[in-house]
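There are 2 protein chains.
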Amino acid sequence: MEKPFYAGKKLGILGGGQLGRMLIQAAIDYDVHISILDPNPQAPCHAYAHTFTTGSLTDYDTVMAFGADLDLLTIEIENVNTEALEALQAQGKEVFPDPKTVRMIQDKREQKQFYARHDLPTSPFVLTDNRAAVLAEKARMPLVQKLGKAGYDGRGVKVLKNEADLAEAFDAPSLLEDFVPFEKEIAVIVARNPQGETAVFPTVEMVFDPVLNLVDYLFAPAQLSQAQVEAATAIALRLVDKLDYVGLLAVEMFALKDGQIWINEIAPRPHNSGHFSIKACGTSQYEQHLRAILGLPMGDTRLLSPAAMVNLLGAPDHRGPARYEGIEDILAIPGVYPHLYGKSETKPGRKMGHVTILGEDLPALTQKIEQVKSSIQVKSLPAAP
Amino acid sequence: MEKPFYAGKKLGILGGGQLGRMLIQAAIDYDVHISILDPNPQAPCHAYAHTFTTGSLTDYDTVMAFGADLDLLTIEIENVNTEALEALQAQGKEVFPDPKTVRMIQDKREQKQFYARHDLPTSPFVLTDNRAAVLAEKARMPLVQKLGKAGYDGRGVKVLKNEADLAEAFDAPSLLEDFVPFEKEIAVIVARNPQGETAVFPTVEMVFDPVLNLVDYLFAPAQLSQAQVEAATAIALRLVDKLDYVGLLAVEMFALKDGQIWINEIAPRPHNSGHFSIKACGTSQYEQHLRAILGLPMGDTRLLSPAAMVNLLGAPDHRGPARYEGIEDILAIPGVYPHLYGKSETKPGRKMGHVTILGEDLPALTQKIEQVKSSIQVKSLPAAP
Numbered sequence: 003m004e005k006p007f008y009a010g011k012k013l014g015i016l017g018g019g020q021l022g023r024m025l026i027q028a029a030i031d032y033d034v035h036i037s038i039l040d041p042n043p044q045a046p047c048h049a050y051a052h053t054f055t056t057g058s059l060t061d062y063d064t065v066m067a068f069g070a071d072l073d074l075l076t077i078e079i080e081n082v083n084t085e086a087l088e089a090l091q092a093q094g095k096e097v098f099p100d101p102k103t104v105r106m107i108q109d110k111r112e113q114k115q116f117y118a119r120h121d122l123p124t125s126p127f128v129l130t131d132n133r134a135a136v137l138a139e140k141a142r143m144p145l146v147q148k149l150g151k152a153g154y155d156g157r158g159v160k161v162l163k164n165e166a167d168l169a170e171a172f173d174a175p176s177l178l179e180d181f182v183p184f185e186k187e188i189a190v191i192v193a194r195n196p197q198g199e200t201a202v203f204p205t206v207e208m209v210f211d212p213v214l215n216l217v218d219y220l221f222a223p224a225q226l227s228q229a230q231v232e233a234a235t236a237i238a239l240r241l242v243d244k245l246d247y248v249g250l251l252a253v254e255m256f257a258l259k260d261g262q263i264w265i266n267e268i269a270p271r272p273h274n275s276g277h278f279s280i281k282a283c284g285t286s287q288y289e290q291h292l293r294a295i296l297g298l299p300m301g302d303t304r305l306l307s308p309a310a311m312v313n314l315l316g317a318p319d320h321r322g323p324a325r326y327e328g329i330e331d332i333l334a335i336p337g338v339y340p341h342l343y344g345k346s347e348t349k350p351g352r353k354m355g356h357v358t359i360l361g362e363d364l365p366a367l368t369q370k371i372e373q374v375k376s377s378i379q380v381k382s383l384p385a386a387p
Numbered sequence: 003m004e005k006p007f008y009a010g011k012k013l014g015i016l017g018g019g020q021l022g023r024m025l026i027q028a029a030i031d032y033d034v035h036i037s038i039l040d041p042n043p044q045a046p047c048h049a050y051a052h053t054f055t056t057g058s059l060t061d062y063d064t065v066m067a068f069g070a071d072l073d074l075l076t077i078e079i080e081n082v083n084t085e086a087l088e089a090l091q092a093q094g095k096e097v098f099p100d101p102k103t104v105r106m107i108q109d110k111r112e113q114k115q116f117y118a119r120h121d122l123p124t125s126p127f128v129l130t131d132n133r134a135a136v137l138a139e140k141a142r143m144p145l146v147q148k149l150g151k152a153g154y155d156g157r158g159v160k161v162l163k164n165e166a167d168l169a170e171a172f173d174a175p176s177l178l179e180d181f182v183p184f185e186k187e188i189a190v191i192v193a194r195n196p197q198g199e200t201a202v203f204p205t206v207e208m209v210f211d212p213v214l215n216l217v218d219y220l221f222a223p224a225q226l227s228q229a230q231v232e233a234a235t236a237i238a239l240r241l242v243d244k245l246d247y248v249g250l251l252a253v254e255m256f257a258l259k260d261g262q263i264w265i266n267e268i269a270p271r272p273h274n275s276g277h278f279s280i281k282a283c284g285t286s287q288y289e290q291h292l293r294a295i296l297g298l299p300m301g302d303t304r305l306l307s308p309a310a311m312v313n314l315l316g317a318p319d320h321r322g323p324a325r326y327e328g329i330e331d332i333l334a335i336p337g338v339y340p341h342l343y344g345k346s347e348t349k350p351g352r353k354m355g356h357v358t359i360l361g362e363d364l365p366a367l368t369q370k371i372e373q374v375k376s377s378i379q380v381k382s383l384p385a386a387p
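Protein chains in written order, with my numbering: chain A, 3 to 387; chain U, 3 to 387.
Hints in this document: simulated from the structure, not taken from any laboratory. Some hints here could point you the wrong way.
No copy labels: a pair is met if it fits in one copy or bridges any two.
Claimed, not checked - Straight-line C-alpha distance at most 30 Å; calculated DSS-like pairs for lysine-lysine:
1) K353 with K12
2) K381 with K5
3) K349 with K11
4) K259 with K375
5) K375 with K95
6) K349 with K140
7) K349 with K259
8) K102 with K244
9) K5 with K349
10) K95 with K163
11) K12 with K349
12) K353 with K151
13) K381 with K140
14) K375 with K12
15) K375 with K11
Keep in mind it's a predicted model, so treat the numbers as computed, not measured.
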């Protein structure tokens with residue numbers, strides 16, 4: 003008899019950051035046994051897992067040793083050793099999402115070619131192997147150059163608008179995309195279980211910090227036409243179908259002025275753009291991911307309230323133990339909920355937590371977003387006297 | 003400078019059961035350091051606390067030693083050593099709710115006299131010291147006899163309807179109440195912070211299992227007149243005001259046929275009747291308790307969706323490692339969310355978990371409640387072959 007999920011089934015998560023931390027919060031309700039692997043012994047998950055192993059996520063032997071005793075493995079970060087995950091899968095362990103899919107997504111060039119192969123809408127592109135190849139495309143500027151690998155949270159991405167930018171282009175295998183004259187950036191989170199059942203979360207609209215190139219805030223439902231929402235949802239469903247995907251997939255997309263929806267990129271895991279679901283939906287993205295990888299029915303993704311999410315980023319010039327200046331003030335605003343990630347030190351621009359905001363409509367949310375943003379700052383604690 | 007709650011402030015919880023477990027889930031978002039004391043080394047909290055101490059909650063020295071290193075103490079069960087908590091308070095530690103209040107609530111006779119003293123509506127009663135004194139009240143039958151201390155989940159309570167019941171009356175200091183011809187049992191959860199700010203959750207209506215004398219299911223909002231809801235809310239607010247209370251207080255009440263609301267009893271902690279708030283309100287009862295004892299502003303208690311809660315009780319004749327038979331079936335019902343408590347063994351009638359149900363209205367909820375109740379049973383796992 004297969005071990006039921008609540009009877010000591012051992013789930014291993016590669017990565018012990020905030021996504022793993024919130025996944026543990028959800029897993030407690032399902033009484034799943036959780037093991038975490040993370041290189042940082044003080045990672046956000048360290049106090050909450052049944053077992054916590056300090057080690058590299060990209061080292062084959064470390065991942066193999068971590069998985070030896072587990073029944074099921076998943077990830078909360080893409081940058082993991084997928085060869086080890088495949089070997090564990092070959093041993094008969096369940097690994098979701100499939101390591102082959104994770105490997106494909108790790109490489110933005112592969113991702114992009116996958117869209118093209120399956121007629122999934124995305125921006126026109128070429129693949130370039132070095133800076134010289136980029137220069138040859140200068141007539142197509144403005145362009146966006148993305149390193150095939152190792153890009154994360156805006157790193158490994160350059161916007162090339164003029165000759166000066168071109169001189170700074172990466173001299174490495176890249177994806178070179180036409181700059182998309184988008185109206186909005188949106189995201190959809192979709193989940194699929196091994197039985198093929200799917201569920202799509204409400205579409206969110208993201209507003210970026212132009213300096214840090216990180217999401218400044220987002221809100222749901224997105225301000226889109228019904229046709230655009232349906233197009234975004236259909237793209238997400240087509241993606242998980244074509245990928246034969248199991249687990250949670252975050253799909254970042256562009257909404258163009260002419261109404262088209264194009265895929266920007268995807269992430270094979272819970273995602274920043276899905277945090278709002280913890281407070282605003284019956285099923286959070288974390289519970290949904292668990293349901294999917296445990297082979298359970300998908301949960302209801304209906305929005306119970308319009309919601310917004312503001313990232314709490316480390317303030318410029320502050321490094322060290324974090325102080326959430328103004329947190330009492332934002333807690334006094336009705337419908338404002340902090341989620342602190344427990345990172346031991348703040349750094350400029352580091353994701354230290356997020357705030358979910360519930361409100362009756364977008365104007366109410368917008369007012370609270372501004373209040374929150376003007377009231378809280380993540381600084382470092384003054385040194386002890 | 004006082005230690006901010008997120009900067010390693012050490013919160014100790016007396017009791018490591020399901021209420022502590024759900025309190026930890028909420029505390030993770032506030033990055034509070036949690037220590038648990040519980041006599042059972044496999045208590046539901048054991049894997050999730052920063053420190054877990056196995057020891058008696060009623061032993062003075064054990065509680066003193068547990069509290070020595072902590073900044074703030076609270077409880078998730080009433081049956082604790084309040085003398086030790088008072089001594090820790092005298093040392094300058096924060097202890098919420100106040101140990102004096104916990105001690106008063108521990109004794110149902112004291113509780114009842116408190117209501118009488120403050121003109122809080124409750125059933126007529128007398129205090130009796132032994133069975134002979136109970137017999138002397140036989141003309142007032144039907145009566146409810148409650149032991150002053152040690153009653154919990156229906157234990158220590160007898161309904162006295164006839165001579166045969168009288169012969170079985172407890173021969174110990176008791177509270178003897180007139181049987182209340184109530185129409186409904188309801189509950190209100192209220193919270194108050196040290197600044198005196200209060201917040202009241204939506205009123206819930208409880209339906210009891212007549213055999214086990216435990217809540218079978220409950221739903222919110224209760225089917226009451228606006229005047230009854232206002233009366234229940236006013237009683238809860240008057241209670242926390244008169245008690246100068248800090249933390250979460252659960253108030254179980256009777257709604258009488260004539261519209262009156264009477265207090266049944268109170269609990270100085272998160273409560274079974276507040277579990278629905280995890281999924282159905284922006285602020286859960288657990289987050290609210292934390293906000294209160296940390297001196298933070300009270301959270302919004304608005305109901306985002308009508309909700310119901312079904313306790314998952316151990317099936318008769320089943321003892322041993324638990325099997326949640328039919329859990330996949332109930333997960334397929336939209337808006338159904340399990341919360342398993344991770345208790346190592348099931349026993350007949352033991353609270354093993356609960357299920358929250360979201361639905362658009364009471365008829366929709368009622369239908370799902372029946373589906374859930376007829377689909378899931380907590381049995382023991384078959385012995386390994």
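Outcome of the hint check:
Proximity of K353 to K12 under the C-alpha cut-off of 30 Å is found in both arrangements, the shortest distances being 29 Å within a copy and 24 Å between copies. Taking the shortest Cα distances, K381 and K5 sit within 30 Å of each other only across copies (15 Å), while inside one copy they are farther apart (46 Å). For the identical chains of this complex, K349 and K11 are inter-copy neighbours only, at 22 Å across copies versus 37 Å inside a copy, given an alpha-carbon limit of 30 Å. Taking the shortest alpha-carbon separations for K259 and K375, only the intra-copy value of 28 Å comes in at or below 30 Å, while the best inter-copy value is 50 Å.
Proximity of K375 to K95 under the C-alpha cut-off of 30 Å is found in neither arrangement, the shortest distances being 45 Å within a copy and 34 Å between copies. Taking the shortest alpha-carbon separations for K349 and K140, neither the intra-copy value of 36 Å nor the inter-copy value of 73 Å comes in at or below 30 Å. In the homo-oligomer, the alpha carbons of K349 and K259 never lie at most 30 Å apart, since the shortest distance is 36 Å inside one protomer and 61 Å across protomers. When the C-alpha separation of K102 and K244 is checked against a cutoff of 30 Å, the pair qualifies only within one copy, where the shortest distance is 13 Å, while the shortest distance between copies is 63 Å.
Within a single copy, K5 and K349 get their C-alpha atoms only as close as 43 Å, which misses the 30 Å cut-off; across copies the closest is 21 Å, which meets it. In this assembly of identical chains, K95 and K163 lie within 30 Å of each other by CA distance neither inside one copy nor across copies; the values are 48 Å within and 61 Å between. In this assembly of identical chains, K12 and K349 lie within 30 Å of each other by CA distance solely across copies; the values are 24 Å between and 34 Å within a copy. In this assembly of identical chains, the alpha carbons of K353 and K151 lie at most 30 Å apart only when taken from the same copy (21 Å versus 50 Å across copies).
Neither within a single protomer nor between protomers do K381 and K140 lie at most 30 Å apart by alpha-carbon distance, with minima of 42 Å and 69 Å respectively. Taking the shortest alpha-carbon separations for K375 and K12, only the inter-copy value of 28 Å comes in at or below 30 Å, while the best intra-copy value is 40 Å. Within a single copy, K375 and K11 get their C-alpha atoms only as close as 42 Å, which misses the 30 Å cut-off; across copies the closest is 25 Å, which meets it.
Hint compliance for this structure: hints 5, 6, 7, 10, 13 are not met, and every other hint is.
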